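Undergrad: Going down the list, the sequences are from chains A and B.
Note that full-length UniProt numbering numbers the first sequence so that position 277 is 277, with each residue one more than the last.
Note that full-length UniProt numbering numbers the second sequence so that position 421 is 421, with each residue one more than the last.
Honestly, the hints are just simulated from the structure, not real lab data.
Values in this document were obtained by computation on a predicted structure and should not be read as measured data.
Check the hints yourself; a few may be wrong.
[Stated by the list, open to error] Beyond 10 Å from chain A on every Cβ pair, some chain B residues (computed): (1) 158; (2) 296; (3) 353.
[Stated by the list, open to error] Ranges between beta-carbon positions, derived for each pair: (4) B:280 x A:312: 30 to 40 Å; (5) B:64 x A:239: 24 to 34 Å; (6) A:297 x B:64: 51 to 61 Å; (7) A:297 x B:244: 37 to 47 Å; (8) B:25 x A:64: 46 to 56 Å; (9) B:372 x A:358: 41 to 51 Å; (10) B:280 x A:192: 27 to 37 Å; (11) B:280 x A:143: 31 to 41 Å; (12) B:129 x A:239: 32 to 42 Å.
For each residue, glycine too, the CB sits at the ideal point set by N, CA and C.
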Amino acid sequence: MAFTYGQLVSGGVGKQLATTLGLPRPARLRRHQLGGSLVPGAVLVAGHGDAPVAERVRHLLEDAGVQVASLPSTSVVGVVLDLTAIETPADLETLRSVLGPALRTLAPTGRVIVVGRPPEGTGSVSQAAARRSLEGVVRSVGKEMRAGGTANLVLVDDGADAGVDATVRFLLSGRSAYVSGQVFHVGRPVGELVAPADWDQPLAGKVAVVTGAARGIGAAIADTLARDGATIIAVDVPAAGGPLAEVANRLSGTALQLDVTAEDAGARIVEHAQARHGGFDIVVHNAGITRDKLLANTDADRWDAVLQVNLLSILRMNEALVPAIREGGHIVHISSIAGIAGNRGQSHYAASKAGVIGMTQALAADDAVLAKGITVNAVAPGFIETEMTAAVPFATREIGRLTNSLSQGGQPVDVAETIGYFAWDANRAVTGNVVRVCGQMLLGA
Amino acid sequence: MTPASPRRAAVLGGNRIPFARQFGPYAKASNQDMFTAALEGLVARHGLAGERLGEVVGGAVIKHSRDFNLTREAVLGSSLAPQTTAYDVQQACGTGLENAILVSNKIKLGQIESGIAGGVDTSSDAPIMVSEKLRRKLLRLNRGRTTLDMAKGVLAIRPGDIGIETPANTEPRTGLSMGEHMAITAKKWGITREAQDQLAAASHQNLAAAYDRGFFDDLMTSYLGLAKDQNLRPDSSVEKLAALRPVFGKGENATMTAGNSTPLTDGASAVLLGSEEWAAEHHLPVQAWFVDGEVAAVDYVHGDEGLLMAPAYAVPRLLARNGLTLQDFDYYEIHEAFASTVLSTLKAWEDEEFCTERLGLEKPLGPIDRSRLNVNGSSLAAGHPFAATGGRIVATLAKMLHEKGPGSRGLISICAAGGQGVVAILEGA
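If we strip away everything but chain A, and leave its shape as in the complex, we get (with noise of 0.2 Å):
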């Protein structure tokens, strides 16, 4: 193992030191488990005015068998602020005498949600001033939570509330981890909410293409929906071949080799999964690449390598994807931070990822996709542990891993439980999200 900061800090010397300090000391994250709980403690659900949707949240999460708590001074592991109702910025007093003095007890690995309404969504400009503050107020919060705590916003349009639950589940839950001062949007749903028989099994029965799948994050992604009870077809490049089998024996799953880029890519994942399995519900186009050159140096195959793969080649994969794909299924794109904020040497690969966020919202919006109720979301990884990431310089890659709110790097596996969230049947209120899994990471933010 090579040197981490985190490992120094988190005994002996390094650890006094860096509380002597006030040096940021990596918290051990909740990650979700198989037969876990959905939350490890009580939740204090509360809101501002009628607070609709703390209703319904009280009730889900008392069908789950989770303690409810409606007083800021039990210590409880999350708090749901239902701030649907407010109207003018006096109305965040709520929020403040509600989570400030949750905030001094909650538990390790806890979880701030926040629900309010577009800001976009009202005439009211003094409302609408409002609305927008609770982004200010989250992402603030996401930086002062503590041992490994999350906070997130979550947007819920007027009429909407149904299709809240999926996400609440979500950020509660330890598959959301590494997911914090995001704000996600919940719109009317695209097709029918069906909550899954077993929580454990959400994408029981169904059948998922994840590209990229040989190694790294696309690898976590096919044992991510795997665990979550979908059928894999792993699809990598032929050269990827052998790591790619591994993948698919393990998860009793097809291995499909072939080039994304290839004209007839899309044309061959369809015949695979149709002759195979029927047909497909979910599709993760995963499979990207990084070729890293200052800009003036870029030469034309360089950049096009980079357009081809990460984003020329999902946009012709998905002419042939979307008529095929299932009614009710979902398309998850892998965005980047580079695509959101830039870097330094990935001009090619920042126009591709940022490319990807416009080709998400374009796709959602599509009429032919809304027919299909199909949702289209993306993810957006920051600094993530892969062999990837391990090769770069120690500096870098330490600087990678701190500036963030969490001050640690991503597992491949955090990056994989937001895709799946994206595909579960429950979550159709939520399309054309670009979600970031970087712990709120300082940059771009």
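With chain A's structure known, arrange chain B on it following the hints.
TA: Chain B in isolation, oriented as in the chain A frame:
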């Protein structure tokens, strides 16, 4: 007439690891490692993890004595259900195709519903034997019960006994290498250097083109960093091959070079076969039907026939049984042990004297359309890990016939050491 068959055996797909040159990337891989890798790729491609198949038949020509249960061990190391039975076959270079005949026969008879036929060979991780004298003395030493027995045993070993033997590509009964045997046949049939080099160049060019269009995407699984056959030279040409010095034969008749002979290679292959019902239950499209197979042997020991000419005898018997002529095929897969093997065989089939006197036919089998021969390359380019070649060819041909369409036909011909030849007919589905 086609023999009445209770039911048909389907070729459902194949997999191989890229073939590596001797002492290349697979230098430290054992036969078991390589065959397991070939099986794992096949299992992954067809979603067979945890599945109990009827049987897996494999084998290797060059085999360690510890690998007595090579195929069964590979199955146990794979993702197939451990209840899948397995056995080894060894019929020299014909092993892989013979295994496909065995599995398809059991499927046709209803004894099994599915099976994998394959083979593997390493020329790098070869077994080493001590000299015969030393072996006997060591066995005696091992039998010794007392210290005195053992001391006597040790003292009995003389410096001259010490020596190791590696497996050689030599016929035990003639002492001639396969290349030397082939040189005799090539001379007899007047096979020119130029014709051999043309065939070799075409093999490389065809294989390279097949890779370029992604033909092998679903026939191969990368292994130990190798994603393409290491022996492949896409820029091979008749001009470049002409520059090589002959290595077999003598004088003007020395036409066989390292370029138009297959090199020693390491690799493994596996083919999935099944009944029509099993294929449908497992949502596996049928690529081709394994119609029939035939094996012939010749007396090369007394010089009656060339060592590698047995397929020339097996094919007409197979054609007669199936009511077909040599021209009734869309593709011909003739294993390129040497370029001159293919050319001698084709020439024999066109030769009136050979066909009437040797084969007992009324007229020659006639020429084939050479544009249908080894169209995606063969052993000269891909390499030839002995027992793995049959699986490579069956899987490749089945895919070609599937692309060509139902009713298309392909002929496989593989020569083998010991003067044997294994041939088969596949039909597109």
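Undergrad: Mind listing which of the numbered hints don't hold for this structure, in increasing order?
TA: 11
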